[in-house]
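Which chain is which? The protein sequence lines are A and B, in order.
Residue 13 is where the first sequence starts when you use the numbering used here, and the numbers rise one by one after that.
Residue 3 is where the second sequence starts when you use the numbering used here, and the numbers rise one by one after that.
These are calculated hints, taken from the structure and not from any lab test.
Careful, some of the hints might be misleading.
Examples of chain B residues lying across from chain A (beta carbon under 7 angstroms, computed) [said to hold, decoys possible]:
no., residue
1, ILE31
2, ILE144
3, VAL156
4, ILE258
5, ILE276
6, ILE288
7, LEU290
8, LEU291
9, VAL292
10, ILE296
Positions of the beta carbon are idealized from the N, C-alpha and C atoms, including for glycine.
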Amino acid sequence: MTRPHLFSTDAHKYRSFLAKGMHSPSFVIGGIITLFFIAMALTSFVWTPHDALSVNIAERLKPISASHWLGTDHYGHDLFSMIMLGARNSIAVALVAVGIGAGLGVPLGSWAAAKGGWLDEAIMRMGDFIFAFPAIISAIMITALAGPGAINAIVAIGIFNIPVFARLARGAALSLWTREFILAARLSGKGSVRITIEHILPNIANLLIVQGTIQFSLGILAEAGLSYVGLGTQPPMPSWGKMLAEAQTWLMMAPQLAIIPGMAIILTVLGLNLLGDGLRDMLDPKVRSSLDIGGSKAS
Amino acid sequence: MIIYSLRRFASLCVTLAAASLFIFSVMEILPGDPAQLILGINAQTDTLAALREQLGLNLPLVTRYWHWIVGMLQGDFGVSYTYSVPVTELIGERLTISLPLALMALALSTLIALPLGILAASTHGRWPDVSLIGATQIGIAIPNFWFAMLLVLVFAVTLHWFPSGGFPGWSEGAGPALKALLLPAIALALPQASILVRIMRSSMLEVLHEDYMRTARAKGLNLRQTLARHGLRNALIPVITIMGLQFSFLLAGTVIIENVFSLPGLGRLVFQAINQRDLITVKAIIMLLVATVIFVNFLVDITYALIDPRLHRRQMS
Numbered sequence: 013m014t015r016p017h018l019f020s021t022d023a024h025k026y027r028s029f030l031a032k033g034m035h036s037p038s039f040v041i042g043g044i045i046t047l048f049f050i051a052m053a054l055t056s057f058v059w060t061p062h063d064a065l066s067v068n069i070a071e072r073l074k075p076i077s078a079s080h081w082l083g084t085d086h087y088g089h090d091l092f093s094m095i096m097l098g099a100r101n102s103i104a105v106a107l108v109a110v111g112i113g114a115g116l117g118v119p120l121g122s123w124a125a126a127k128g129g130w131l132d133e134a135i136m137r138m139g140d141f142i143f144a145f146p147a148i149i150s151a152i153m154i155t156a157l158a159g160p161g162a163i164n165a166i167v168a169i170g171i172f173n174i175p176v177f178a179r180l181a182r183g184a185a186l187s188l189w190t191r192e193f194i195l196a197a198r199l200s201g202k203g204s205v206r207i208t209i210e211h212i213l214p215n216i217a218n219l220l221i222v223q224g225t226i227q228f229s230l231g232i233l234a235e236a237g238l239s240y241v242g243l244g245t246q247p248p249m250p251s252w253g254k255m256l257a258e259a260q261t262w263l264m265m266a267p268q269l270a271i272i273p274g275m276a277i278i279l280t281v282l283g284l285n286l287l288g289d290g291l292r293d294m295l296d297p298k299v300r301s302s303l304d305i306g307g308s309k310a311s
Numbered sequence: 003m004i005i006y007s008l009r010r011f012a013s014l015c016v017t018l019a020a021a022s023l024f025i026f027s028v029m030e031i032l033p034g035d036p037a038q039l040i041l042g043i044n045a046q047t048d049t050l051a052a053l054r055e056q057l058g059l060n061l062p063l064v065t066r067y068w069h070w071i072v073g074m075l076q077g078d079f080g081v082s083y084t085y086s087v088p089v090t091e092l093i094g095e096r097l098t099i100s101l102p103l104a105l106m107a108l109a110l111s112t113l114i115a116l117p118l119g120i121l122a123a124s125t126h127g128r129w130p131d132v133s134l135i136g137a138t139q140i141g142i143a144i145p146n147f148w149f150a151m152l153l154v155l156v157f158a159v160t161l162h163w164f165p166s167g168g169f170p171g172w173s174e175g176a177g178p179a180l181k182a183l184l185l186p187a188i189a190l191a192l193p194q195a196s197i198l199v200r201i202m203r204s205s206m207l208e209v210l211h212e213d214y215m216r217t218a219r220a221k222g223l224n225l226r227q228t229l230a231r232h233g234l235r236n237a238l239i240p241v242i243t244i245m246g247l248q249f250s251f252l253l254a255g256t257v258i259i260e261n262v263f264s265l266p267g268l269g270r271l272v273f274q275a276i277n278q279r280d281l282i283t284v285k286a287i288i289m290l291l292v293a294t295v296i297f298v299n300f301l302v303d304i305t306y307a308l309i310d311p312r313l314h315r316r317q318m319s
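Please put together the full structure from these sequences, using the hints given.
Quick look at the structure:
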């Protein structure tokens, strides 16, 4: 396996990787959409066009205007400001859930691949077991005991992500453990933890990044679903799923209240999926070699 | 094949036992006193004691777990605290809505996805393939409950073709009941079908380039015959695995979609039970959903081995 360009210390290779990315429509479109929503979420910490949490009945159900870029809801909340705050919530929940999944799953999967035997079997069976608990079921269990909240959503989605990353890390690491450069590292006296950190993880990082974008988009969908049924983010904090739940009552009178948060979810998920597709194409050795050919022809 | 099936069955039993132990521990040990959780912090001491007695909380943990397991195996999930009727009865009633809904969604997604996946693969790189890939990319990104709301807006509120929610009951005849379930089933099926089209397409593309397909064509079979006799069977292997995995997402989706359409299924029941702190009902529904996911995965493995005999031979060796 050649070392991925992304993690090469050579700055030139890093720049050429990005330059190749510019030729991938999926990477470019997905990247722009994702960056737009991340920027929106970050901006919401310092600025929103209106106070998204204040009720203003006089301004209720206003159409799109220069003052309210996406109109207002039935409480007079500015929809654009709520979408900005919702982006913050959705992205934060999905990001932490991916962090939990990768943070626990990757070490477990790498450990299973390094040690093999009963430990490998035990970790993988544990993964199968967790797969039997979809996020909504875990969230129902947690809510029944601890009440609803954004933390439930994070934990429920995060737990389901653990075996996803563990399987991926294990599968990719297993094939590397038979390679000559790992054997050389072992002969030089390095232990399995050091080999995993210095050689295995950098080589499987590309796969993990691609999976990370996929799980991130699934996390956003799951968070929206959980908030929609009241198991996720709680009032007064807006979330896209909760906005949809409230919009349902106004579906006949003000369908835009449902359409706008729905479009925000779709665009974010679409952006992340396209970004993941683009990254996979760029990092997959088979596709990458064809990109190399394309790149050299273009130059 | 029989030994492989028995081995998988043993693994199924172990996973089910582990899941039941986990659910029991989380729902009965972690909260501290389930009676307190059900009645709230202001409950009277004698009311608490009576409920503890009724729930069997004075018994040792192992005995309680044993009673729960034996009861479930006999179809007895206990008595609902809020409805004062056996949970089995409650679940049975609600399953007549949730199960047909999940099955309708699965059937719809399969019926949509397989032909479209084959179409995309057989027109690889041309406009039907490219437009289908684009459409599935959007289909995957659409939250099913949002799509459900749009379906209600268009087909129920605007066109009045379908009811916007509720369930007339099977006693009114299969027609109105199926009509009430059709929009929710379409909403559930769309994202699953989008994923399945992509899996079917890539699986079919791989199979089309296999040597045995070329040999079959060389022997004089046309493309349709080659696909029917050799291609589909092999291309279906990854598709069945994904369908098995999707079933758990379908079940989860059912829980959410039932809320959009106010369908009195398992999903509505579990949320009502959470609000009323009816832990016995919540625990039973969670166990049922988890057991279904585990059992479907078992069925997928067996089907997988039936389609591809190499798999169980490899595992046996």
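Hints, verified against the model:
At its closest, the beta carbon of ILE31 (chain B) sits 11 angstroms from a beta carbon of chain A; the interface hint therefore is violated under the 7 angstroms criterion. Taking 7 angstroms as the C-beta contact cut-off toward chain A, the hint placing ILE144 (chain B) at the interface holds, the least distance being around 6 angstroms. A least Cβ separation of about 10 angstroms between VAL156 (chain B) and chain A goes past the 7 angstroms threshold, and the interface hint is therefore violated. The interface hint given for ILE258 (chain B) holds, since its Cβ lies 5 angstroms from the closest Cβ of chain A, which is under the 7 angstroms cut-off.
Hint on ILE276 (chain B) holds. Least Cβ distance to chain A is approximately 5 angstroms, under the 7 angstroms limit. Checking ILE288 (chain B) against chain A: minimum C-beta separation of about 6 angstroms stays under 7 angstroms; hint holds. Hint status for LEU290 (chain B): violated, given a least beta-carbon distance of 10 angstroms to chain A, over 7 angstroms. Checking LEU291 (chain B) against chain A: minimum C-beta separation of about 6 angstroms stays under 7 angstroms; hint holds.
Interface hint status for VAL292 (chain B): upheld, as the beta-carbon distance to the closest one in chain A is roughly 5 angstroms, under 7 angstroms. With 7 angstroms as the threshold, the beta carbon of ILE296 (chain B) comes within range of chain A, its nearest partner Cβ sitting at about 5 angstroms, so the hint holds.
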